[in-house]
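Take a look at the letters that make up each chain.
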Amino acid sequence: MKSAVITFPGSNCDRDMDVALKKFGFKNKMVWHQDVELPKSDLVVLPGGFSYGDYLRCGSMASKSKIMQSVINFANSGGMVMGICNGFQILVETGLVPGVLLRNKYLEFICKNVFVKISDKDSAYFKNIKNDVLELHIAHNEGNYFCTNDQLKEIEDNTQVAINYCNNEGKIEKSSNPNGSTKNIAGIFNKKKNVLGMMPHPERMIDPSLSGEDGSLFFKNLINNIK
Amino acid sequence: MKISVIITLKKDVLDPQGKVIHQALDGMGFNDVNEVRQGKYFEIDTKETDPQKAKNKVEEMCKKLLANLVIENYKIIDAQ
Numbered sequence: 058m059k060s061a062v063i064t065f066p067g068s069n070c071d072r073d074m075d076v077a078l079k080k081f082g083f084k085n086k087m088v089w090h091q092d093v094e095l096p097k098s099d100l101v102v103l104p105g106g107f108s109y110g111d112y113l114r115c116g117s118m119a120s121k122s123k124i125m126q127s128v129i130n131f132a133n134s135g136g137m138v139m140g141i142c143n144g145f146q147i148l149v150e151t152g153l154v155p156g157v158l159l160r161n162k163y164l165e166f167i168c169k170n171v172f173v174k175i176s177d178k179d180s181a182y183f184k185n186i187k188n189d190v191l192e193l194h195i196a197h198n199e200g201n202y203f204c205t206n207d208q209l210k211e212i213e214d215n216t217q218v219a220i221n222y223c224n225n226e227g228k229i230e231k232s233s234n235p236n237g238s239t240k241n242i243a244g245i246f247n248k249k250k251n252v253l254g255m256m257p258h259p260e261r262m263i264d265p266s267l268s269g270e271d272g273s274l275f276f277k278n279l280i281n282n283i284k
Numbered sequence: 006m007k008i009s010v011i012i013t014l015k016k017d018v019l020d021p022q023g024k025v026i027h028q029a030l031d032g033m034g035f036n037d038v039n040e041v042r043q044g045k046y047f048e049i050d051t052k053e054t055d056p057q058k059a060k061n062k063v064e065e066m067c068k069k070l071l072a073n074l075v076i077e078n079y080k081i082i083d084a085q
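As you go down the protein sequences, you meet chains X and Y in turn. Under the numbering used here, the first residue of the first sequence is numbered 58, with each subsequent residue one higher. Under the numbering used here, the first residue of the second sequence is numbered 6, with each subsequent residue one higher.
These are computed hints drawn from the structure, not numbers from a lab. Ideal Cβ positions, reconstructed from N, Cα and C, are used throughout, including at glycine. Check before you lean on any hint, since a few could be wrong.
Anything over 12 angstroms on all C-beta distances counts as not near chain Y; from chain X, calculated [as the list claims (entries may be wrong)]:
| no. | residue |
| --- | --- |
| 1 | Gly67 |
| 2 | Lys86 |
| 3 | Arg114 |
| 4 | Arg160 |
| 5 | Gln208 |
| 6 | Pro265 |
| 7 | Ser266 |
Pairs of lysine-lysine, DSSO-like flavour, derived with a Cα cap of 30 angstroms [stated by the list, open to error]:
| no. | chain 1 | residue 1 | chain 2 | residue 2 |
| --- | --- | --- | --- | --- |
| 8 | Y | Lys62 | Y | Lys15 |
| 9 | X | Lys240 | X | Lys162 |
| 10 | Y | Lys58 | X | Lys121 |
| 11 | Y | Lys62 | X | Lys240 |
| 12 | X | Lys178 | X | Lys249 |
| 13 | X | Lys210 | Y | Lys80 |
| 14 | X | Lys59 | X | Lys184 |
| 15 | X | Lys187 | X | Lys169 |
| 16 | X | Lys210 | X | Lys249 |
| 17 | Y | Lys45 | X | Lys121 |
| 18 | Y | Lys16 | X | Lys123 |
| 19 | Y | Lys15 | X | Lys231 |
| 20 | Y | Lys15 | X | Lys184 |
| 21 | X | Lys162 | Y | Lys80 |
| 22 | X | Lys59 | X | Lys284 |
| 23 | Y | Lys58 | X | Lys162 |
| 24 | X | Lys123 | Y | Lys24 |
| 25 | X | Lys184 | Y | Lys45 |
Label pairs and their calculated CB-CB ranges [as the list claims (entries may be wrong)]:
| no. | chain 1 | residue 1 | chain 2 | residue 2 | range |
| --- | --- | --- | --- | --- | --- |
| 26 | Y | Ile11 | X | Lys123 | 46 to 56 angstroms |
| 27 | Y | Glu65 | X | Gly110 | 17 to 27 angstroms |
| 28 | X | Tyr112 | Y | Asp50 | 16 to 26 angstroms |
| 29 | Y | Glu65 | X | Val190 | 44 to 54 angstroms |
| 30 | Y | Pro21 | X | Cys168 | 16 to 26 angstroms |
| 31 | Y | Lys24 | X | Ser134 | 12 to 22 angstroms |
Go ahead and model the full structure; you've got the sequences and the hints to work with.
This is the structure in structure tokens:
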């Protein structure tokens, strides 16, 4: 299985993602944002970080960089594209997934482990995964998911919500919402569910001695689904 | 020709920075403030000399990059 991770100026989770993908069997290639063509891939990942210094709006400049036209074409032809954290912010700026990510409600940079409930298991990202709840890491300043009421209705009607912030038992409640996101949304799909944007970092949870292994569950399941 | 653009958050979008500024103003004794909304201001110096053409170009810039129309409005306020 082949994957590609795009590096933008200011990306800083690109190599972590490379390590994670390779650990679970992907043949990964790093792609520079000024490249025009994507290598042949089963999965394209937009990693976390601070692309273009988060100037203007997070993800806004990266969404216009050269490689993104190929990524958008790849996604529109059904290819799997996953954006993590800043990658999610880039995805919303391209319009591949609906909504935007605003500044966290209490204006704090949040860096901690959270629990997320997998709200939809139909997609290739979460199909067959045993767990309903994963413990993952978040580290962001702008993760407050927002969309218009019309968009929210459409997202819910199409079951596009992928994961929600929850407590350790999987209960989606206000007190487990770290950043003020609408309906505790931590990740969403596009309509066809081949594009996933999410704030938590599964690539940070793949080592039993450093973190937890809930990220490992995600990647193992992902590669099995793509095979 | 210089064109100025103001970008503001739409009415329904929460503006935590504006809220904090409001609170700070309140604490400083400016007690008659109803609300503060923070925005962005751009000055774009363009080679275009025709004001209408320049405005049209800047409007395109707003739609494509400067503003995110899900949450923001833009207003071209000045051309000189």
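Keeping to a limit of 30 angstroms between CA atoms, is the pair of Lys162 of chain X and Lys80 of chain Y held or broken? 26 angstroms, holds
Below or equal to 30 angstroms on CA atoms is what counts here, so check Lys210 of chain X against Lys249 of chain X. 16 angstroms, holds
With respect to the beta-carbon atoms only, verify the hint that Pro21 of chain Y and Cys168 of chain X lie 16 to 26 angstroms apart. About 18 angstroms separates the Cβ atoms of Pro21 of chain Y and Cys168 of chain X, which means 16 to 26 angstroms holds.
Given the hinted pair Lys59 of chain X and Lys184 of chain X, is their alpha-carbon gap at most 30 angstroms? Holds, at about 19 angstroms.
Is the hinted pair Lys58 of chain Y and Lys162 of chain X satisfied, with a Cα-Cα distance of at most 30 angstroms? Given that 30 angstroms is the threshold and the Cα spacing comes to 40 angstroms, the pair is violated.
Outcome of range test on Cβ distance (Glu65 of chain Y, Val190 of chain X; 44 to 54 angstroms): For Glu65 of chain Y and Val190 of chain X the Cβ distance comes to about 45 angstroms; the hint holds.
With the threshold set at 30 angstroms, check whether the alpha-carbon distance from Lys16 of chain Y to Lys123 of chain X stays at or below it. Between Lys16 of chain Y and Lys123 of chain X the Cα gap is close to 34 angstroms, so the pair fails against 30 angstroms, i.e. violated.
When you check the alpha-carbon spacing of Lys45 of chain Y and Lys121 of chain X, does it fall within 30 angstroms? Since the Cα atoms of Lys45 of chain Y and Lys121 of chain X sit roughly 20 angstroms apart, the hinted pair holds (cutoff 30 angstroms).
Is the nearest CB of chain Y more than 12 angstroms from the CB of Lys86 of chain X? Nearest chain Y Cβ is 29 angstroms from Lys86 of chain X, so the label holds.
Lys62 of chain Y and Lys15 of chain Y were given as a pair; does the straight-line alpha-carbon distance stay at or below 30 angstroms? Roughly 23 angstroms between the alpha carbons, so the hint for Lys62 of chain Y and Lys15 of chain Y holds.
Given the hint that Lys62 of chain Y pairs with Lys240 of chain X, does the C-alpha gap stay at or below 30 angstroms? Violated. Lys62 of chain Y to Lys240 of chain X sits at ~38 angstroms, over the 30 angstroms cutoff.
Are Lys15 of chain Y and Lys231 of chain X close enough, with their CA atoms no more than 30 angstroms apart? Measuring from Cα to Cα gives roughly 24 angstroms; hence the hint holds.
Checked against the numbered hints given earlier, this structure breaks hints 3, 4, 5, 11, 18, 20, 23, 24, 25, 26 and 31; the rest are met.
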